[in-house]
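Q: Residue strings, one per chain:
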Amino acid sequence: MPTIKVLIVDDERDFAIALSERLMLRGYEVSTAFAAEDALPAAVSARPEVVLLDMKMPGMDCSRIFNELKGFDDTMEIIIISGRLADENGLEDIKNRAFDYILKPAELAEVESKLGKAWAVRREKTDGKSAEKTDDKSRGTA
Amino acid sequence: MIKKTLHDIGKNLPSFNRGLGQKTSDASGYTRMKVSLTLLMAAISLFFLFIVILTSRIWLKNLLKEDKRTQLTWQMESTKFSIETFINVKLSALNFIANERSYNDLLNRDTLYECFENFRRNFGDVIVDLGVIDSEGIMRAYAGPYNLAGRNYIEHDWFQKITLKEFYVSDVFMGYRKIPHFAIAVKKRLPKRNDFWVLRATIDMERLSRLLSTVRLKENDDVFIINSEGILQTPSRTHGGEFLKLNMQKIPRTQSAVTLMEAEGAGASSSLMGFSSIEKTPWTLVADIRSKEDAAITRSFINELLVVFILCILIVIAITLRMAHVMVNRIKEADYRREIAFSEIEHSNKLASIGRLSAGVAHEINNPLSIINQNAGLMKDLIEMSLPHPLTPSHSGEGAGGEAEGDDPREQFKTLIDDIRTREKFIAITNGILDAVNRCRTITHRLLGFARRMDVTAEPADINDTVLEVIGFLEKEIIFRDIHLVKNFHELLPVVTTDKGQLQQVLLNIINNAVDAISRGGVIEVSTALKDEHTVIISVRDDGQGIPAKQLNHIFEPFFTTKEKGKGTGLGLFISYGIMEKLGGRLLVESEEGKWTLFTIELPTSTGNHR
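Sequence order for the protein chains is A and B. First residue of the first sequence: 1, per this note's numbering; consecutive thereafter. First residue of the second sequence: 1001, per this note's numbering; consecutive thereafter.
Everything labelled a hint here was simulated from the structure, so no lab data went into it. Even for Gly, the Cβ is constructed at its ideal location relative to N, Cα and C. Hints should not be assumed to be uniformly reliable.
Think about it this way: if two alpha-carbon atoms lie no more than 20 Å apart in a straight line, the pair counts; the simulated EDC-like pairs of lysine to aspartate or glutamate are [to be verified]:
| hint | chain 1 | residue 1 | chain 2 | residue 2 |
| --- | --- | --- | --- | --- |
| 1 | B | Lys1425 | A | Asp73 |
| 2 | B | Lys1380 | A | Glu112 |
| 3 | B | Lys1476 | A | Asp61 |
| 4 | B | Lys1476 | A | Glu68 |
| 5 | B | Lys1380 | A | Glu21 |
| 6 | B | Lys1380 | A | Asp11 |
| 7 | B | Lys1380 | A | Glu107 |
| 8 | B | Lys1476 | A | Glu37 |
Restraint ranges, calculated between C-beta atoms of paired labels, are given here [stated by the list, open to error]:
| hint | chain 1 | residue 1 | chain 2 | residue 2 | range |
| --- | --- | --- | --- | --- | --- |
| 9 | B | Pro1460 | A | Lys117 | 56 to 62 Å |
| 10 | B | Thr1562 | A | Tyr101 | 18 to 24 Å |
| 11 | A | Asp100 | B | Pro1494 | 43 to 49 Å |
Full structure from sequences and hints, please.
A: Structure below.
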């Protein structure tokens, strides 16, 4: 079973810690960030494959964090988690680009399922890219 | 006094400019309105009716006056004609005799007597005597009861006059035996001698007087004859007995037509006088009409009018009462419907507020719930994953299946729990759960408190606490949007008696607007202060987008909103304004577009009678 690397970005510490422990018990590799400004540095150091991003954090708005993360590594799949529904201002632009949406309180089964799917999709994308690279390489030599 | 009455009526008429929250629900208000309307409309109708009646009466009076004058003219003409005929006939007869017989014949006493008898036979006792007078004025022959033969009339006025004319009618004089007479005479020429002679007859005035008295007279009216000097020829009831000079300023010189004149008579009454000179005589016929125009006609006219008037009043009042009733009922209904509409608007606005609150609250509660969820799940994970066999949910006493190999789950669980790290971990997790529950409790209690206060009326309130509670509701939103909230509370505010719930509704609306105006970053300053010893001020200032000057006048209007469709009802400020008025306070706004907006709530320390 491949290890899925996850980054949880949420300002509710208790929630993020509890969730990360539960995921780790199940074999995920989890890192956490408890503030908006810590999201990017955490991503840089942990290189997660999927990000669980809380929508309502003070400091920076969700769109900006989203774009920063995607700007850093476009292959990262980002799942939005939140206590509110998605039809708030400023979410239109990222709604389409986020992988999925989870409403709090989240059932662990749902979280795992979505993490799995996101990882698979990412795998496909990255495999496709490396396949291209290999092709290029193989074409390159000769 | 009229002004005051009109003012009172005006006060009770329907006012079309009632603001939010004014109730006219007491029945007496509507009754007063009905009565005022009826009185006003009745008064107007009656006023015009009255004018019509007045005009009719004046018109009738004038008509009757005209009629009186016309009647008088006819009667006088008729009387004058009768008198003239009377005189003419006598004169003609005299003329006839003078023509038929010669002077010498008539000097014969017997002949004269014969003529006299003939005269009398024809005209009756009206002829008193008959005489022949020569040009020296001497009565040469006489037939009659008196002894006038030989009398000399040369000095007499009438003789002087007849020398100039062909015939003559004299003024009335007192004859023998004190009976009023007048004389008529004809002059005949004796061409051969260049001389003349006069045939004279004396006429009893009484017949003429009787003629006058047949003129239809009312009690106060009078008809008499005067001569050219104004001396009465016949007795007058009102102007003295015979031969008295008529007491009158001006006797009009009349031709043969009737002249009418209004005159101030003796006493206070004015009379209508008619004058007509009688042909061939030195007389003027005078009528003095004192009686008023037929009062009976006027009276009965007025009576009938009064009846009609009263009937009209009753009809007008009945109709206007009915109309007023219908109209006021419509107004009552409209007022009622409007009140219902307003309370529905208030209600739906409350619901909208609650809706917004609820969404916020749900989110706030979701977070603690997630924490509880994950923590509980973690506890379950730890226990489950630490044991070789899954714990079955059945009771330990039952001896669940699958533990055959001697692994007593209870023993293993005990081992697990005895591990101090485990214990500490579990305690930490449980504490996390309890903390989350506490967070929820705060939120639900706050919400309950707010809900409870939706219905309550006036109660003493600490303003600063009230404001803080509202801020508490919006805290998350404010923090999320990175808004810096500055609190500037006056330490020594007096206790205010007011409807806390409604005040908080207003504050919620205003602070929410401030948050929306800023959207991100920025400062909201909430201050409380004391304007004077009876007024407290709460102000909310934001440095958001401001309000353009020409919109400032409209923001308190219902359904006025600058938000896009679907966001906001446009009623928040309208209702807030209404609530502040109800509480006896004010809601004011100032703003500079693009820079800042300041909302100021003024609240009296006691709501008092402002409801």
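Q: Is the hinted pair Lys1476 of chain B and Glu37 of chain A satisfied, with a Cα-Cα distance of at most 20 Å?
A: With Cα atoms ~19 Å apart, Lys1476 of chain B and Glu37 of chain A stay inside 20 Å; holds.
Q: State, for the Cβ atoms of Asp100 of chain A and Pro1494 of chain B, whether the hinted interval 43 to 49 Å holds or is violated.
A: With a Cβ separation near 56 Å, Asp100 of chain A and Pro1494 of chain B fall outside 43 to 49 Å, so the hint is violated.
Q: Tell me if the straight-line CA distance from Lys1476 of chain B to Asp61 of chain A falls inside 20 Å.
A: 14 Å, holds
Q: Hint says 56 to 62 Å; check whether the CB-CB distance for Pro1460 of chain B and Lys117 of chain A agrees.
A: Given range 56 to 62 Å: holds, Cβ gap about 59 Å.
Q: Has the given pair, Lys1380 of chain B with Asp11 of chain A, been kept, meaning a C-alpha gap of at most 20 Å?
A: 24 Å, violated
Q: Below or equal to 20 Å on CA atoms is what counts here, so check Lys1476 of chain B against Glu68 of chain A.
A: Violated: Lys1476 of chain B and Glu68 of chain A sit about 24 Å apart, past 20 Å.
Q: Given the hinted pair Lys1380 of chain B and Glu112 of chain A, is their alpha-carbon gap at most 20 Å?
A: Answer holds: Lys1380 of chain B to Glu112 of chain A is near 17 Å, not above 20 Å.
Q: Decide if the proposed pair is consistent with the structure: Lys1380 of chain B and Glu21 of chain A, CA atoms, cutoff 20 Å inclusive.
A: Given that 20 Å is the threshold and the Cα spacing comes to 12 Å, the pair holds.
Q: CB of Thr1562 of chain B to CB of Tyr101 of chain A, is that within 18 to 24 Å?
A: 31 Å, violated
Q: For Lys1380 of chain B and Glu107 of chain A, compute the direct alpha-carbon distance and say whether it is at most 20 Å.
A: Answer holds: Lys1380 of chain B to Glu107 of chain A is near 14 Å, not above 20 Å.
Q: Please work out if Lys1425 of chain B and Asp73 of chain A have their alpha carbons no farther apart than 20 Å.
A: 36 Å, violated
The structure shown violates the earlier hints numbered 1, 4, 6, 10 and 11.
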